[in-house]
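Chemist: The primary structure of each chain is shown beneath.
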Amino acid sequence: MKGLTDWINDRLPFRELAREHLTEYYAPKNFNIWYVFGSLALLVLVIQIVSGYFLLIHYQPNEDAAFDSVQTIMFDVKWGWVLRYTHTTGASMFFIVVYLHMFRGLMYGSYRKPRELLWIIGFIIYLTLMAEAYLGYVLPFGNMSFWGGKVITSIIEAVPYVGDWLGSLARGGFGIGTPTLNRFMGMHVVLVPLVLIALVAVHVLALHKVGSNNPDGIEIKEHPGPDGKPLDGIPFHPFYTVKDIFGTCVFLTAFCAIVLYAPTMNGLFIELANYTPANPLKTPPDITPAWYLAPFYAMLRSVPNKLGGIGALGLAVILPFFLPWLDRNPVKSVRYRPVYLGMLAVLVISVFVLGWIGMQPASPALLLPGRIFLGLYLLFFLTLPVVSHFEPTKQVPQRVNMS
Amino acid sequence: MKYAAALIALTCIMSAAVVQAQEAQVSLKSPHYSFDRQTLIRGAKLFVDRCLTCHTLKYLRYSRVGEDLGLSKAQVKNMLMAPANAEYHAGMINTMRPGDATKWLGAAPPDLTLEARYRGTDWIYTYLKSFYVDSSRPSGWNNHVFPHVAMPDVLAMLGGERDRQGKLIKQGSLNQEQFDQVVADLTAWLQYTSDPSKIQRMSLGPWVIGFLVTLSILTYLLKRVYWRAVH
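Taken in sequence, the protein lines are chains D and V. Using my numbering, count along the first sequence one by one with no gaps and you end on 403. Using my numbering, count along the second sequence one by one with no gaps and you end on 1231.
Careful: at least some of the hints might be erroneous.
[What the hints assert, rightly or not] Pairs of lysine to any residue, SDA-like flavour, derived with a Cα cap of 20 Å:
hint	chain 1	residue 1	chain 2	residue 2
1	D	394	D	344
2	D	150	D	344
3	D	282	V	1167
4	V	1058	V	1027
5	V	1198	D	79
6	V	1223	D	25
7	V	1198	D	60
8	D	78	V	1064
9	V	1198	D	256
10	V	1058	D	60
11	V	1167	V	1136
[Said to hold, decoys possible] Heads up, incomplete: computed chain D residues facing chain V, CB under 8 Å, no partners named:
hint	residue
12	71
13	245
14	246
15	275
16	276
17	280
18	283
[What the hints assert, rightly or not] Residues from chain V that face chain D, not an exhaustive set, calculated with beta carbons under 10 Å:
hint	residue
19	1035
20	1038
21	1039
22	1041
23	1114
24	1120
25	1202
26	1208
27	1218
28	1220
29	1230
Calculated from the structure, these hints are not laboratory results. Using N, Cα and C, we set each Cβ at its ideal position, and we do this for glycine too.
Looking at chain D on its own, in the form it has when it is part of the complex (with noise of 0.2 Å):
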């Protein structure tokens, strides 16, 4: 055995590469419970891609046949329930855990200098996740999802002069129906995914590049012991692989409980009304979108022109591009700055409330909070520079705490 590994260490860099990104990995020793996500987000897209190579095998990509199929795979296929209840519950963890990781990284300032790109290629992967998990939503071909491919192709028209034809070139035609199956379910199980693990990849690159920001939003590199790794460092092998082999247990058991106990959310991880079939014919009463997608969509629905509400998204997902160089607060963690605590609720409140409009029936009585709330989301990114500038911090401490 030893005398293999060797063989194969001496051809491949495996050896170099357990230490560099594992037992050799310095990362802070004051994680706490916001620090499992990451990982848990990692974990997440193994069990899509593997729940998801399942579901493929039954799936039909046809207009006639992929209502029907998803059936089959509910009814008829041996534990066909466990892959799409798993898929399903995958897709909203995989959002929650990854909106637990951005206000990790928003309340600790992980996207500050020198974090910048980490920031911005996590970003990039949260925006190819929506992607991916609205072209998936279309699959099934319930009513719902019939309707929610309408209306989102129909937002692409409104790009000027080319934007029929970028509909068209989406849906495959001017209508939802099989050619528009067969490419969502190209870019859904090959396209998207492939950028998706590149992207992680390199995510991961730069983190182990820069280095773990933690609670205090400290540098521990800043104060290394003689032998030059940092004091406040722990090797990630074994310290944090274990503690995070724990946090996946509490999440896979959390997991199992919706798979076996509440599948759907109660309509909320998996649509109720999309339980009848496609129908161009049959509008549902409310079209409203997943609930990780809602609070996107109640910005686009709060303002009624169509442009209009597009130049606002697009606007409300470009800013936070930039916010490692709106932040210009020399402290990073939310511990030492109160001004940005109460800003930060703001910004948390307001993409709840945005998401609860977004998944209510279109109403006029919601039009005016859904504008405020719109308001709040970009003032947070706009005054921040200013804010930022002025605002009284407390003391931070040399090394970090261990709470």
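Following the hints, position chain V against chain D.
Modeler: Quick look at chain V alone, frame taken from chain D:
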């Protein structure tokens, strides 16, 4: 952690305030039943007797029902396989042709396999109890939950006939309590057909969760052992 808790609390308060502003919809009543073998067998028989003439359960095979409810092939044949073209390994379809249904009733009766997921069990239960006599309708019936529905009240012989105000104008063969139970059994059956995996899920659940909780405890203890070196 403190900050996170404060954020979550704030968000809850905000959302609650917005929810309060929404108006209540038509109130649906919830059926009372225990999701067990006996209830489902009663519901299945009722469905075959009263509903399968017009409505199909095309995704659900008779053989699957037999497996899930612990019925032998002979029992399934005697109890449930009423339509002349019923096949043990095929879905629960009926003899009515879609064209005929549209001609007789004005609309094709939908397949009901997934109805409990699509509309919800409360909707089905309340809908079945909300028929009233309405001579202006072709079928002679109307419904409070689904106005102008093409379907007549097929349970009127059991539950009696009611007028628009809900007053009983013709006594059925069952009293109110019995009738509520019958409709609840039917609802339970449709809940089963919309997701037969529920039976498997419920029996697997405690084992899977028990295993994972045990594993969580063990891995936590393991983590503690390793982390003694850090603290």
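Chemist: Now tell me if each hint is right for this structure.
Modeler: So, going through the hints one by one against the coordinates:
no., hint, verdict
1, D/394 <-> D/344, "17 Å, holds"
2, D/150 <-> D/344, "35 Å, violated"
3, D/282 <-> V/1167, "35 Å, violated"
4, V/1058 <-> V/1027, "30 Å, violated"
5, V/1198 <-> D/79, "12 Å, holds"
6, V/1223 <-> D/25, "18 Å, holds"
7, V/1198 <-> D/60, "25 Å, violated"
8, D/78 <-> V/1064, "11 Å, holds"
9, V/1198 <-> D/256, "14 Å, holds"
10, V/1058 <-> D/60, "18 Å, holds"
11, V/1167 <-> V/1136, "18 Å, holds"
12, 71, "5 Å, holds"
13, 245, "5 Å, holds"
14, 246, "4 Å, holds"
15, 275, "4 Å, holds"
16, 276, "5 Å, holds"
17, 280, "17 Å, violated"
18, 283, "15 Å, violated"
19, 1035, "12 Å, violated"
20, 1038, "22 Å, violated"
21, 1039, "19 Å, violated"
22, 1041, "19 Å, violated"
23, 1114, "5 Å, holds"
24, 1120, "7 Å, holds"
25, 1202, "8 Å, holds"
26, 1208, "5 Å, holds"
27, 1218, "8 Å, holds"
28, 1220, "5 Å, holds"
29, 1230, "6 Å, holds"
Checked against the numbered hints given earlier, the structure breaks hints 2, 3, 4, 7, 17, 18, 19, 20, 21 and 22 and satisfies all the rest.
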